[in-house]
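Visitor: Each chain is listed here by its residues.
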Amino acid sequence: MNNEYPSKSLGIFPRSWSEESAGRIPGNIPIWVGILSELTEFAIFFVAYFIAKYHYPEVFATGPQGLSTSLGVANTIILLSSSYFMAKAMMNIRLDDRIKCERYLWLAVSCGAFYLIIKTWEFYWNNLQGLSTSTNEFYTVYYYMTFNHFLHVGWASCAILWVIFRLRAGEYSAAEHSGLEALAVYWHMIDLMWILIFPLLYVLR
Amino acid sequence: MKQFKKLEWFWAILIFITLFNTFLGEQFESTALVSIIVALTVMYKGITVIDHFMELKHANRNLRWLMRMYLILFPSLIIATVFF
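As given, the protein sequences belong to chains D and H, one line each in that order.
Heads up, the first sequence is in our numbering, so the first residue is 2 and it goes up one at a time.
Heads up, the second sequence is in our numbering, so the first residue is 10 and it goes up one at a time.
The following block holds chain H by itself, in its conformation from the complex:
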């Protein structure tokens, strides 16, 4: 039952982050800080889905590594765009 409650928490956190990011995008000019916060939260969302919904946390480590790298690489490019 504990595991069930954990999933609900992650679901709520993911929705909260989505709403928070939208609020940032709508209320503030797209500053470097906003871009960095959005990129970091997108990384967190991706890793949460990979580990807890996709259940790769205790599965094949190569697949988990590949998926995590993907969800770290592309949000990192958001941060990189701040400097160009």
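Bound conformation, chain D alone:
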């Protein structure tokens, strides 16, 4: 199998899109294809939210009152902290400090695990309150959005564990850490989606 990169680009995109003129692409191109696909998926959820809210304003005004705001706030702080830890991990790998980098990655994956535990508890708590996907239109949107986001945090947390394994194997250094950077931008994308989801489902009435 030929693993060499092609020496020339395909030439199907304008020259202004190239890294030389538009600037460096963090991570790699495949992760950005993934990120933009995920953003499209979440965009459909957000559009669905606004359409449903337009048609059922009373349901969406009362819906957030049935949710545990404190659990939503806790998860927001946890995800923001995980993004901060990920950014610190990136800074440390650039300084070639693998020990500190690994420490911050463990903190980030711990945040991911805490998020998943809290979210699972929230779903259980909702169930005890008699809430489900069929309660009303608000909860249908709530479960679609939050369960989808839950899955993203789950597999991205597993990806952090994989990156820690690779870091320990000496695969990343100050000179070459594109794999780690690709995971970092993906993780930040997940945090960004929660930044949008949180006010829509927990704050705004």
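These are calculated hints, taken from the structure and not from any lab test.
Please note: incorrect hints may appear among the correct ones.
As the list claims (entries may be wrong) - These stretches of chain D come out as covered by chain H in the derived footprint (C-beta under 8 Å, 3 or more residues):
no. : segment
1   : 15-29
2   : 49-59
3   : 96-104
4   : 122-129
5   : 191-201
Stated by the list, open to error - With a Cα cut of at most 25 Å, we get these calculated BS3-like pairs of lysine-lysine:
no. : chain 1 : residue 1 : chain 2 : residue 2
6   : H       : 14        : D       : 101
7   : H       : 15        : D       : 101
8   : H       : 66        : H       : 15
9   : H       : 14        : H       : 66
From the three backbone atoms N, C-alpha and C, an ideal C-beta is built for every residue, glycine too.
Starting from the known structure of chain D, fit chain H onto it as the hints suggest.
Guide: Okay, now just chain H, sitting in the frame of chain D:
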């Protein structure tokens, strides 16, 4: 070291905004003003993560533009709902 301190500041600001927005949502009826404040602060949070945590500020300008547009468009819809 300066760069390290900057990140800590952004982290603290993002958490403060989260708590402030929650306070607004819990203490006040969802008025137009509350919705607009929440939408603007969500835009700020998103742009801060894109520029400083995702580090797109000095990276590819097309990706930065796309990400920023996304985090401006959807909070703008929160403001739009005020008028419907």
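Visitor: Now tell me if each hint is right for this structure.
Guide: Tested hints:
Evaluation of the coverage hint for the segment 15-29 of chain D: fulfilled, as 7 residues show C-beta separations to chain H shorter than 8 Å, against a requirement of three. Residue count for the segment 49-59 of chain D with a Cβ under 8 Å from a Cβ of chain H: 3. That meets the three needed, and the coverage hint holds. Counting residues of the segment 96-104 of chain D whose CB lies closer than 8 Å to any CB of chain H gives 0, so the stated coverage by that chain is violated, three being the minimum. With 0 residues bearing a CB less than 8 Å from a CB of chain H, the segment 122-129 of chain D misses the requirement of three and the coverage assertion fails.
For a cut-off of 8 Å, the count of residues in the segment 191-201 of chain D with a CB near a CB of chain H stands at 7, and the three-residue condition holds. Under the criterion of a C-alpha separation no larger than 25 Å, the hint pairing residue 14 of chain H with residue 101 of chain D is consistent with the structure, at around 16 Å. As the CA atoms of residue 15 of chain H and residue 101 of chain D are separated by approximately 18 Å, the hinted pair is consistent with the 25 Å bound. Annotation: proposed proximity of residue 66 of chain H to residue 15 of chain H holds, straight-line Cα distance about 14 Å (limit 25 Å).
Under the criterion of a C-alpha separation no larger than 25 Å, the hint pairing residue 14 of chain H with residue 66 of chain H is consistent with the structure, at around 17 Å.
Violated hints, in rising order: 3 and 4; the structure is consistent with all others.
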